[in-house]
Amino acid sequence: MRKLFIILGIIASVLALVLAVLPLSNLAYFPAIAALLFGLMAFYISNKNSQSVKTVQLVFLLTIIALSISIYKSIFQTVEVGNTEELQVREQQSEEEAIEELEDLDLEDLDLE
Amino acid sequence: MLKYVFILSLMLPSWAFSQNSAFKAGEKLSFTASYNMSGVLTELAQVNMETSEVKTSKATLLRLKCTATTYSKWDSFFKIRDLYESYVSPTSVKPYLYKRDIYEGGYTKFVQYKYSHSKGTVESLIRKKKKGGGTYDQNKTLNISSSTKDIVSTIYYLRTLNLSSYAPGKNMSLTVLFDNKPTEIVISYLGKETINTNIGSKTCYKLAISIKNSNVLKGTNDNLLWLTADENKIPVFAKFKVAVGNGELKIKSATGLKN
Numbered sequence: 001m002r003k004l005f006i007i008l009g010i011i012a013s014v015l016a017l018v019l020a021v022l023p024l025s026n027l028a029y030f031p032a033i034a035a036l037l038f039g040l041m042a043f044y045i046s047n048k049n050s051q052s053v054k055t056v057q058l059v060f061l062l063t064i065i066a067l068s069i070s071i072y073k074s075i076f077q078t079v080e081v082g083n084t085e086e087l088q089v090r091e092q093q094s095e096e097e098a099i100e101e102l103e104d105l106d107l108e109d110l111d112l113e
Numbered sequence: 114m115l116k117y118v119f120i121l122s123l124m125l126p127s128w129a130f131s132q133n134s135a136f137k138a139g140e141k142l143s144f145t146a147s148y149n150m151s152g153v154l155t156e157l158a159q160v161n162m163e164t165s166e167v168k169t170s171k172a173t174l175l176r177l178k179c180t181a182t183t184y185s186k187w188d189s190f191f192k193i194r195d196l197y198e199s200y201v202s203p204t205s206v207k208p209y210l211y212k213r214d215i216y217e218g219g220y221t222k223f224v225q226y227k228y229s230h231s232k233g234t235v236e237s238l239i240r241k242k243k244k245g246g247g248t249y250d251q252n253k254t255l256n257i258s259s260s261t262k263d264i265v266s267t268i269y270y271l272r273t274l275n276l277s278s279y280a281p282g283k284n285m286s287l288t289v290l291f292d293n294k295p296t297e298i299v300i301s302y303l304g305k306e307t308i309n310t311n312i313g314s315k316t317c318y319k320l321a322i323s324i325k326n327s328n329v330l331k332g333t334n335d336n337l338l339w340l341t342a343d344e345n346k347i348p349v350f351a352k353f354k355v356a357v358g359n360g361e362l363k364i365k366s367a368t369g370l371k372n
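Chains as they are written, first to last, in the working numbering: chain A, 1 to 113; chain B, 114 to 372.
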């Protein structure tokens with residue numbers, strides 16, 4: 001039982017850490033909470049049977065790192081649009097091309113004001 | 114008899130040209146698109162919708178431009194730079210030229226529809242990248258009905274509808290040309306609702322959108338669109354449900370409004 005909780009705890013905490021590093025850091029909270037719960041269970045069982053808690057501490061450590069990264073990101077990272085220069089050039093070009101295309105079209109049925 | 118003819122002739126212009134009182138050239142709407150997972154929102158991209166005037170030697174058209182740009186934190190994973198354009202009549206929002214130029218994580222595609230309403234056809238051009246480099250074109254002529262629109266002009270067309278006269282539960286179907294296929298979408302008016310947005314608390318018309326014979330959008334009444342219940346009918350909030358989760362589109366700013 002203890003082993004199962006430790007394994008689950010490690011998997012969840014590693015997943016939390018990976019998600020926290022990726023731009024999806026908001027989603028890291030779910031595995032982080034799961035890892036904490038598994039860790040606590042493993043810690044409780046280990047203490048009861050007076051077994052080593054070293055690996056359980058590892059689970060906690062990883063989870064705390066993951067949580068601090070995601071909390072830091074959610075507070076300090078502002079969302080901003082990346083480089084759109086290329087898109088703006090495309091928009092400009094597209095409009096120029098469109099005007100040429102529209103010249104060829106029959107706009108006779110256009111309902112003008 | 115003559116009296117009626119006179120009254121009718123007075124009313125005719127207002128029938129014919131009263132369609133678009135919702136937007137004009139120079140309008141700029143900015144949205145944030147986010148992915149929703151069990152209540153945790155992850156912001157993905159910024160969506161802009163702009164209108165501008167385009168002059169040709171024969172006429173003045175309205176250019177409806179929609180762009181989608183991923184936020185910089187996503188750019189190294191999945192960069193999106195999409196451009197959707199439609200050149201429409203300023204009064205009836207009838208499209209004359211549609212262009213879609215997308216870049217999504219390395220995948221590019223260019224689609225152009227040239228409408229010929231008198232013939233009831235659309236000249237379609239699809240340009241894709243070849244494997245070995247370079248591009249190839251695919252030309253086709255499609256038959257359309259007089260009310261067929263593209264995706265961009267459909268969004269704007271919804272704003273020109275007189276929603277205040279609709280009874281809750283009313284359905285309406287529109288034909289949208291997408292990927293060379295005329296797709297029928299059904300819009301149902303659900304009623305009025307007041308919601309909080311970034312541009313203040315707004316009373317809105319709530320619309321549900323579904324696509325016929327397609328399972329892209331999931332659920333019934335889970336794909337919703339809120340348009341402000343004023344003359345401008347700004348789309349302020351949209352919710353959609355697809356196979357991989359829920360998404361949201363929230364307004365960030367609105368400038369250059371008509372009313």
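Among the hints, erroneous ones may be present.
Each computed BS3-like pair below joins lysine-lysine, with the alpha-carbon atoms no more than 27 Å apart [stated by the list, open to error]:
1) 232/B <-> 365/B
2) 241/B <-> 141/B
3) 168/B <-> 73/A
4) 294/B <-> 244/B
5) 363/B <-> 73/A
6) 227/B <-> 171/B
7) 243/B <-> 315/B
8) 315/B <-> 244/B
9) 171/B <-> 222/B
10) 73/A <-> 319/B
11) 241/B <-> 253/B
12) 186/B <-> 73/A
13) 73/A <-> 352/B
14) 363/B <-> 171/B
15) 186/B <-> 227/B
No wet-lab data here; the hints were simulated from the structure.
Inset, instruction - Verify the proposed pairing of residue 73/A with residue 352/B, using a straight-line Cα cut of 27 Å. - result: Given pair residue 73/A, residue 352/B holds - Cα atoms ~25 Å apart, limit 27 Å.
Legend entry - Given hint residue 365/B paired with residue 232/B - CA-CA distance at most 27 Å: Violated, at roughly 41 Å.
Legend entry - Pair hint outcome, residue 363/B versus residue 73/A [Cα-Cα no greater than 27 Å]: 21 Å, holds
Inset, instruction - Please work out if residue 315/B and residue 244/B have their alpha carbons no farther apart than 27 Å. - result: 49 Å, violated
Inset, instruction - Given the hint that residue 294/B pairs with residue 244/B, test it: the Cα-Cα distance must not exceed 27 Å. - result: The hint holds at about 25 Å.
Legend entry - Satisfaction of hint between residue 227/B and residue 186/B, Cα-Cα up to 27 Å: Given that 27 Å is the threshold and the Cα spacing comes to 37 Å, the pair is violated.
Inset, instruction - Please work out if residue 168/B and residue 73/A have their alpha carbons no farther apart than 27 Å. - result: 46 Å, violated
Inset, instruction - Starting from residue 243/B, check that the Cα of residue 315/B is at most 27 Å away, please. - result: 48 Å, violated
Legend entry - Proposed proximity, residue 171/B with residue 363/B (alpha carbon, max 27 Å): 38 Å, violated
Inset, instruction - Would you mind confirming whether the straight-line C-alpha gap from residue 241/B to residue 253/B stays at or under 27 Å? - result: Holds, at about 14 Å.
Legend entry - Pair hint residue 73/A and residue 319/B, alpha-carbon separation not exceeding 27 Å: 34 Å, violated
Inset, instruction - With a cut-off of 27 Å on the C-alpha distance, tell me whether residue 186/B and residue 73/A pass. - result: Holds, at about 11 Å.
Of the numbered hints stated above, those contradicted by the structure are hints 1, 2, 3, 7, 8, 9, 10, 14, 15, listed in ascending order.
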